[in-house]
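Student: If you're matching them up, the sequences are chains Y and U in order. When we follow our numbering, the leftmost residue of the first sequence carries the number 24, and every step to the right adds one. When we follow our numbering, the leftmost residue of the second sequence carries the number 24, and every step to the right adds one.
Simulated from the structure, these hints should not be mistaken for lab results. Note that the coordinates shown come from a computational prediction; the quantities given were computed from them, not determined experimentally. Be aware that one or more of the hints could be misleading.
What the hints assert, rightly or not - Derived lysine-lysine pairs resembling BS3-like cross-links, with alpha carbons at most 30 Å apart:
| id | chain 1 | residue 1 | chain 2 | residue 2 |
| --- | --- | --- | --- | --- |
| 1 | U | Lys25 | Y | Lys26 |
| 2 | Y | Lys26 | U | Lys26 |
| 3 | Y | Lys206 | Y | Lys227 |
| 4 | Y | Lys334 | Y | Lys404 |
| 5 | U | Lys231 | Y | Lys25 |
| 6 | Y | Lys25 | U | Lys334 |
| 7 | U | Lys334 | U | Lys404 |
| 8 | Y | Lys404 | Y | Lys206 |
| 9 | Y | Lys376 | Y | Lys25 |
| 10 | U | Lys206 | U | Lys334 |
2 protein chains.
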Amino acid sequence: MKKLNRGVAVVGTGMSQFGSFPEKTTRDLFVEAFQDMRASVDRGLDPNDIEAIYVGNYSSDLFEGQGHTAPIMADWVGLAPRPATRVEDACASGGVALRQGILAVASGLYDVVLVGGIEKMSNLPIAGVTDALATAGDVSFEIPAGFTFPGFYAAIATAYMHRYGASPNALLRVGIKNHDNGKLNPKAQFRARIADLMAGRIAKAQQKGLPVPEWQTEMDFLHDDGANPFIAWPLRLFDCSPVTDGAAAVLLVSEEIARRFSDAPLYVIGTGQASDTSALHDRPELTALRAAQLAGQQAYAMAGVTPDDIKIAEVHDCFTIAEIVATEDLGFFAPGTGHEAAEEGLTTRHGPKPINTSGGLKSKGHPVGASGAAQAVEVWKQMRGQAGERQVDRDVDLAMTHNVGGTGQTCVVHIYERR
Amino acid sequence: MKKLNRGVAVVGTGMSQFGSFPEKTTRDLFVEAFQDMRASVDRGLDPNDIEAIYVGNYSSDLFEGQGHTAPIMADWVGLAPRPATRVEDACASGGVALRQGILAVASGLYDVVLVGGIEKMSNLPIAGVTDALATAGDVSFEIPAGFTFPGFYAAIATAYMHRYGASPNALLRVGIKNHDNGKLNPKAQFRARIADLMAGRIAKAQQKGLPVPEWQTEMDFLHDDGANPFIAWPLRLFDCSPVTDGAAAVLLVSEEIARRFSDAPLYVIGTGQASDTSALHDRPELTALRAAQLAGQQAYAMAGVTPDDIKIAEVHDCFTIAEIVATEDLGFFAPGTGHEAAEEGLTTRHGPKPINTSGGLKSKGHPVGASGAAQAVEVWKQMRGQAGERQVDRDVDLAMTHNVGGTGQTCVVHIYERR
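Go ahead and model the full structure; you've got the sequences and the hints to work with.
Tutor: This is the structure we're talking about:
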């Protein structure tokens with residue numbers, strides 16, 4: 024088993040408000056995340072101590088017409104002439120940037136590294152967002168065949184339901200849970216439970232004297248094709264993460280100096296990354312992501328821990344099916360049982376294995392290149408007891424983040440320990 | 024001075040043919056570079072030994088409509104599920120990918136890392152190439168003001184000529200030299216001296232019975248507005264690097280195992296990277312690139328060598344003025360004297376400080392994300408005495424590569440030693 028040449032710690036994290044902000048560019052969002060991160064450093068951060076910056080970003084090229092974003096982000100937070108490097112692995116860009124930051128500290132070249140994740144996806148001057156995201160698939164083979172990302176994950180969901188007899192309710196339960204959590208996250212794009220949305224629609228109909236929907240439960244609401252239309256069968260609107268503008272920032276330092284910055288640093292004790300075939304049609308199965316399985320195994324082996332040891336995890340729920348598959352790929356539940364775990368509530372905030380306490384990509388929002396870095400923000404808050412109303416009811420000494428690019432062409436996993 | 028936690032060596036390099044290939048995609052070009060690299064490994068390479076891949080690429084998003092290119096490149100050379108990471112810093116993407124590969128090996132996590140650089144720029148389905156390249160400038164401020172990259176470097180050339188009294192002939196001399204070298208590089212896009220091009224035009228006019236141009240020297244030809252039109256004053260056609268399709272590959276291993284792969288490995292003894300303000304208008308001067316100066320200083324300090332020790336250098340001559348400025352930024356010539364050095368022939372293949380023996384970006388070609396990695400190919404050949412007709416006439420035990428992104432928002436420098 025390979026090991027890092029020295030330990031790395033997280034001593035600060037921050038994120039911008041997630042949402043749709045016509046008035047904000049990537050630069051604005053990143054400055055917001057940087058300031059939030061700076062405020063989180065217990066013993067204060069002199070920005071001059073930062074030696075390098077890594078920026079995860081999927082495609083400011085396509086979204087904003089701006090390439091070469093890393094030095095711009097460095098400049099905008101006053102860090103020029105520090106080396107600034109953009110890292111791209113589609114929706115895993117933020118997590119992979121985090122990994123490069125970790126390797127850079129471990130290399131001995133830097134003691135203090137800033138990792139950012141950024142994406143501006145709404146109010147685009149150039150590409151349509153679904154078309155732009157489709158470039159993360161295989162453009163030579165899959166996209167000309169008519170695939171989009173909802174289509175890819177619909178294929179995965181269909182294969183999963185066929186193989187394991189899963190009900191669509193399992194998918195919908197993931198959405199309900201993540202909105203329950205997101206309601207309690209002040210930075211989330213959607214801060215409403217599904218029940219709240221349902222009650223709001225009923226109240227609105229009553230006010231306007233329109234026919235009042237007869238929904239009794241959240242499941243009634245989510246099975247209503249009008250309230251929750253199909254996007255790509257079996258995935259409905261509330262199975263899909265939204266289009267989001269947002270940024271996140273993580274401050275990494277070498278283990279030896281962590282206490283100089285933080286009263287309660289998080290130590291990165293495991294990291295794993297793997298790739299997979301560029302097209303789905305080259306894979307032996309659709310019901311698991313090999314890259315996620317391998318990245319998880321690498322991280323567990325490095326950390327010397329097992330899935331049972333992980334107290335909470337932020338996983339990549341770009342679609343609800345993705346969360347269910349992730350909980351199996353990471354070994355939390357046996358293959359084919361993740362859907363039962365979701366239906367039984369095992370992954371709720373107070374269940375035995377809380378998943379996506381932040382609200383996940385589904386409710387917190389999914390600015391694609393930022394999501395992997397933003398996952399570290401939730402882990403930071405939960406592990407330090409700073410998650411407010413959504414704080415889980417147990418001590419979180421070990422946590423995991425799991426970030427996927429495309430349909431699993433990339434996956435990166437990290438394990439954090441509070442000592 | 025920071026040091027890497029362990030030494031890193033180059034044990035193989037390769038590149039595709041550079042040129043304009045309507046029939047080739049990035050995937051084809053990268054496979055070609057990979058095979059060329061594999062053939063260069065003295066003691067053979069089992070691809071299964073490769074543990075990770077870093078890919079420098081500016082914008083397959085804009086050029087080919089394909090994002091998430093790193094795992095595709097890994098897949099296409101049979102390396103899935105190895106971790107695959109794209110690195111982007113505009114035209115410095117290849118050099119910065121090389122640096123990430125070096126840091127990754129130094130981190131202890133990997134012993135064998137493949138670094139690629141790729142760009143497909145001709146026959147584009149989507150963006151115009153000059154517009155796509157302009158996204159490497161500051162799109163919020165500079166591009167709406169009318170700047171393109173020829174415009175940016177024309178501003179630098181104008182400022183330089185004004186400040187130092189340089190003649191346009193100094194610029195043209197750089198082009199003449201780089202075409203002299205490129206003629207001898209079988210992988211170069213343009214394998215013709217300026218004198219050859221001139222003779223060809225004269226012969227063609229004679230054949231067709233047209234008026235025969237009265238050029239006596241290459242300078243006559245290059246000062247002819249018809250043969251060498253202005254692109255952005257004072258830069259003419261032959262001051263600008265071309266639009267190129269190409270790829271390069273570099274194999275890095277930890278120092279301890281270098282001899283297992285190579286009879287004559289190159290050791291990376293210095294690396295430096297720096298950034299600069301996103302817009303030219305925020306810089307104190309236009310006649311030097313601060314990021315290049317700093318990256319060079321870092322690399323020299325790490326290597327413990329001086330500019331005089333460097334036997335040859337591949338520098339980023341995206342425009343002829345860029346080469347002149349680079350030779351000053353790197354300390355080869357004092358500020359304001361690089362133009363004289365160029366005019367006096369000090370940087371020719373047989374001069375005291377050979378620069379761009381490969382033909383440089385000007386003649387070898389400039390597939391932007393590949394160029395930084397391709398520079399290592401030339402250094403590899405010259406240091407091992409494998410550069411054929413263009414081999415310099417002295418022992419090259421120390422060499423340098425210098426790769427710039429945008430207008431110097433990024434610069435990355437490496438120093439290699441043959442022991």
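Student: If you draw a straight line from the CA of Lys334(Y) to the CA of Lys404(Y), is it 30 Å or shorter?
Tutor: holds (13 Å)
Student: Between Lys376(Y) and Lys25(Y), does the CA-CA distance stay at or below 30 Å?
Tutor: holds (29 Å)
Student: Does the alpha-carbon distance linking Lys231(U) and Lys25(Y) stay inside the 30 Å limit?
Tutor: violated (69 Å)
Student: Does the alpha-carbon distance linking Lys26(Y) and Lys26(U) stay inside the 30 Å limit?
Tutor: holds (19 Å)
Student: Quick one, are Lys334(U) and Lys404(U) close enough, alpha carbons at most 30 Å?
Tutor: holds (13 Å)
Student: Take the C-alpha atoms of Lys404(Y) and Lys206(Y), compute the straight-line distance between them, and say whether it is at most 30 Å.
Tutor: Between Lys404(Y) and Lys206(Y) the Cα gap is close to 16 Å, so the pair holds against 30 Å.
Student: Need the status of pair Lys206(Y), Lys227(Y): alpha-carbon distance at most 30 Å?
Tutor: Distance ~20 Å between Lys206(Y) and Lys227(Y) Cα, so the pair holds.
Student: Within a Cα-Cα threshold of 30 Å, do Lys25(U) and Lys26(Y) meet the stated pairing?
Tutor: Given that 30 Å is the threshold and the Cα spacing comes to 21 Å, the pair holds.
Student: Does Lys334(U) sit within 30 Å of Lys25(Y), going by the straight-line distance between their CA atoms?
Tutor: violated (37 Å)
Student: Take the C-alpha atoms of Lys206(U) and Lys334(U), compute the straight-line distance between them, and say whether it is at most 30 Å.
Tutor: holds (21 Å)
Hint check: violations occur at hints 5 and 6; the rest are consistent with the structure.
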